[in-house]
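Visitor: One-letter residues, chain by chain:
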Amino acid sequence: MAWFTDRHCFLLAVTFYGLSTLYSVFLWRKGFRRDEWVNYFLLAAGVALHTLAMFKRGLTLHSCPINNLYEATTFLLWTLGLACLIYSLLPRFKFLAAFTAPVLFTIGIFALMPSLDPPHGLKPEFSDALRSLHAATILQAYGAFGLAAVAAAMFLMQQHDLKLHKLRALLSLLPSMQRLELITFRLVAVGFVLLTIGLVAGWQLPRPEGKPYFFDTKVLWSALLWFIYLESLVAYKKFGRTSRRFAIGIIATFIFLLLTFWITNLYSGLHN
Amino acid sequence: MSVVVIGLSHRSAPVELRERFAFAGEKIPGALAALRASGLASECAILSTCNRVEIYAVTPLTAAAAFAELKKFLIAHQAYDGALGDELYSFAEPHSLHHLFKVASGLDSMVIGETEIFGQLKSAYELALAHQHTGARLNKAFQRAFNVAKHLRTATNIQRGSVSVMSAAVELAEKIFTALSEHEVLVIGAGETSEKTARALQSRGVKKITVTNRSPERAAALATELGGRAVPFEHWPDEFERIDIAISSTAAPQPILDRATLEPLMKRRKHRPLLLIDIAVPRDIDPAVSTLDNVYLYNVDDLQSIADDYLNLRKEEVARCEKIIAEKVAALLSANKFSRNAERTQD
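Top line first, the protein sequences correspond to chains A and B.
Each residue of the first sequence is one higher than the one before, starting from 1 at the first, in this note's numbering.
Each residue of the second sequence is one higher than the one before, starting from 1001 at the first, in this note's numbering.
Just so you know, these hints were derived from the structure itself, not from any lab.
Just so it is clear, CB atoms sit at the ideal spot from N, CA and C, and this is done for glycine as well.
Any given hint could be a false lead.
[To be verified] Distance windows between CB atoms, simulated:
hint, chain 1, residue 1, chain 2, residue 2, range
1, B, Lys1207, A, Leu22, 40 to 48 Å
2, B, Glu1126, A, Asp35, 54 to 62 Å
3, A, Asp35, B, Ser1215, 43 to 51 Å
4, A, Asp35, B, Ala1331, 49 to 57 Å
5, B, Ser1203, A, Leu112, 49 to 57 Å
6, A, Ser268, B, Lys1267, 50 to 58 Å
[Claimed, not checked] Stretches of chain A that chain B covers, calculated by requiring three or more beta carbons in the stretch to come under 8 Å of a beta carbon on chain B:
hint, stretch
7, 137-150
8, 190-202
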C-alpha cells in the first residue's frame, strides 16, 4: 500500500465532496423538504478521508502539515468541512452540508494541482510550534469565515423566498432567518478572534534580516481582511447594518479571500 | 364475520341532515349497547363529529342484510322521520377498512390531511373499548388505522403546512423568528380575524401582545381577553421599536402605514426583522414597505395563496396515500390472521 499516498487519500475525499455536491443539486431542486442524512454521511466520508490524508502527511513531516499552498488549502478545507459537520448537528442545520459541499469540491479540485505541492523535504524549515499555531489558527479562521459565508448564503436564499412570497420558503426545512443570522455573526466573530491570534503569533516569529512584518504582501492582505471583518462586525452590531448587507458582505469577503489567497502567497517574501 | 361501516359525512349529506343523525357523547355507550343487544353486531364503535356520523360494526349478517338493518337501527335510534336518498353510504370489507384508514389519516376530511379527526376517531374507539363493545377484530382494525395514519404523516406531505390564513401567518413568523416567545405582537384594529391570528400566535408561544384600535374600549376589551395591553390608536407607531410582528385589520380607507413612515422606524429598530400581516380590505399597509430591508409584508391574498398552495400540495399526495392504504389493507387481509385470529378470540 506504499503507493497509496496522502494525495490519493485527498483525491478520494474530493470525490466524496463531488458526490455530496451532486446530491446537493438534487436537494436544491427538491427545495430542502425532507429531513435526511444522506448528504451528511457523504460529506462525513469526505472529511474522514481528508483527515486521513492530513494525518498521513503530518506523520511524514513530523509536524502540522501546513507548509505549502496545497497543505494550507487542504487544512482550510478540512476546517470548513469539520465545522460544517459539527454545525449540521444543530436542529434544522442538516442542509448546511448541501451549501458547503460545492465549496469543498471546487477548491479541493484546485488544491490537487501538482504545482501547489512542491516537494519540501522530510523536515521543513518552518515547523516549530509557534509557526504551526500561526498557520493553523489563520486557516481555521478562514474555515470559520467560509462557513459563515455558507450560512449567509442560506440566509439570503431564505430572505429572497420570503420576500417574494415563495412557498418554497415555508416548505424547506431550513433554520429560521434569525437563527441563520446569529450563526453567521458568531462564525465571523470566532473567525475574527482566530485571525487575530494567528496574526499576533506571526508577528512573534523570527524574520529574515531586513524583512519587516507589515511590509509583506501576505501580511498586508491578512491585515486588510482583518479590517474588513472588523468593520463588518462593528457596523452590524453597533451601527445597525442590515442583515442582508451584512450577509452579502460576508459572502463577498470570503470570495475575495478565496480568489486572492494563492496570489498573495506567491508574492509574499515571508511565506516563500 | 366482517367489518362493515355505515354513515354519512360532509361529502354525502348537508349539515341539516348530519345534525339529525349526530350522537351526543354521553348517548353513544347506550347506542352501542342497543346495537349489540339487537344481534346486529358483535363489536361496534360510533364516530360522531360535526362532519360525519359513522357506525363501524363486526356483523354475522351478510353485507346487504347488515346494511339494511343498520340503516333501520340508525333511523329508529335517532328518530329520523324525513326522506333519505343516497346520503347514507355503506362499505363492506375490504372497502370498510380502506374507508377507516382514510378517515384516520384525514383523507376523507373536509380539509384534507387535517389531524383533528385522528383524535376524534381515537376517542370514539376508546369509548367503545372502555364499554367493552369492541373485540379482536375491531381492535385490530382501529389500531392498524392509527398506525397507518401515523405512517402517512411521516412518510408523505399529506399533513404538511398550513391550510388556513391564521396558521399560514404563524408558520411565516416561525420561518423568520427563532422563538416566538421572545417577540412582541402588535394588533392594529380589534377585528375578529386579527384576534384569531393573535390567538394562533399565542398558541405557538407569543407572550406579549399589544392592541390598538380607534375605539379604546374595544382595544381594552381585546387586550384583556388576550392577556395583553392596550395603547391609544394615535400612539401605535411608537410601539414599532419593541414589536416584531404587526397584524393590521382596521377599516381605514387609506393605508395607515407607508414606506416613508416605516423607514425611520426601521432605523430606530436597528433593522431587526419585522413581519407585517395585513388582513384588512382595503389594505392598511402600502405594498412599497416590502422594499425595505428586513420587512416581510403579507396581505390576506398572500396568506390565502399559501394556504391554497398547501392544500394543492396535499391533494397531490392523496394518490400516494391511497396507494399506501391499499397496500396496508391488503397486508392486513391477506395475512389471513385478521380473520382467523379474530374468530379464534371470539370462540
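Visitor: A separate judgement is required for each hint: does it hold in the structure or not?
Guide: A quick look at each hint next to the structure:
1. For the hinted restraint 40 to 48 Å between lysine 1207 (chain B) and leucine 22 (chain A), the CB-CB distance of approximately 45 Å keeps it satisfied.
2. Taking 54 to 62 Å as the suggested C-beta distance range, the pair glutamate 1126 (chain B) and aspartate 35 (chain A) does not conform, at roughly 31 Å.
3. Checked against the given bound of 43 to 51 Å, the beta carbons of aspartate 35 (chain A) and serine 1215 (chain B), roughly 47 Å apart, stay inside it.
4. Judged by the Cβ atoms, the range 49 to 57 Å given for aspartate 35 (chain A) and alanine 1331 (chain B) is violated: they are separated by roughly 27 Å.
5. Checking the proposed 49 to 57 Å range against serine 1203 (chain B) and leucine 112 (chain A) shows it holds: the Cβ atoms sit about 54 Å from each other.
6. Separation of serine 268 (chain A) from lysine 1267 (chain B) is about 43 Å and departs from the stated range, judged on CB atoms against 50 to 58 Å.
7. Remark: the stretch 137-150 of chain A is not confirmed as covered by chain B, as 0 of its residues place a Cβ nearer than 8 Å to a Cβ of that chain, below the required three.
8. Only when three residues or more bring their CB closer than 8 Å to a CB of chain B does the claim for the stretch 190-202 of chain A stand; here the count is 0, and the claim is violated.
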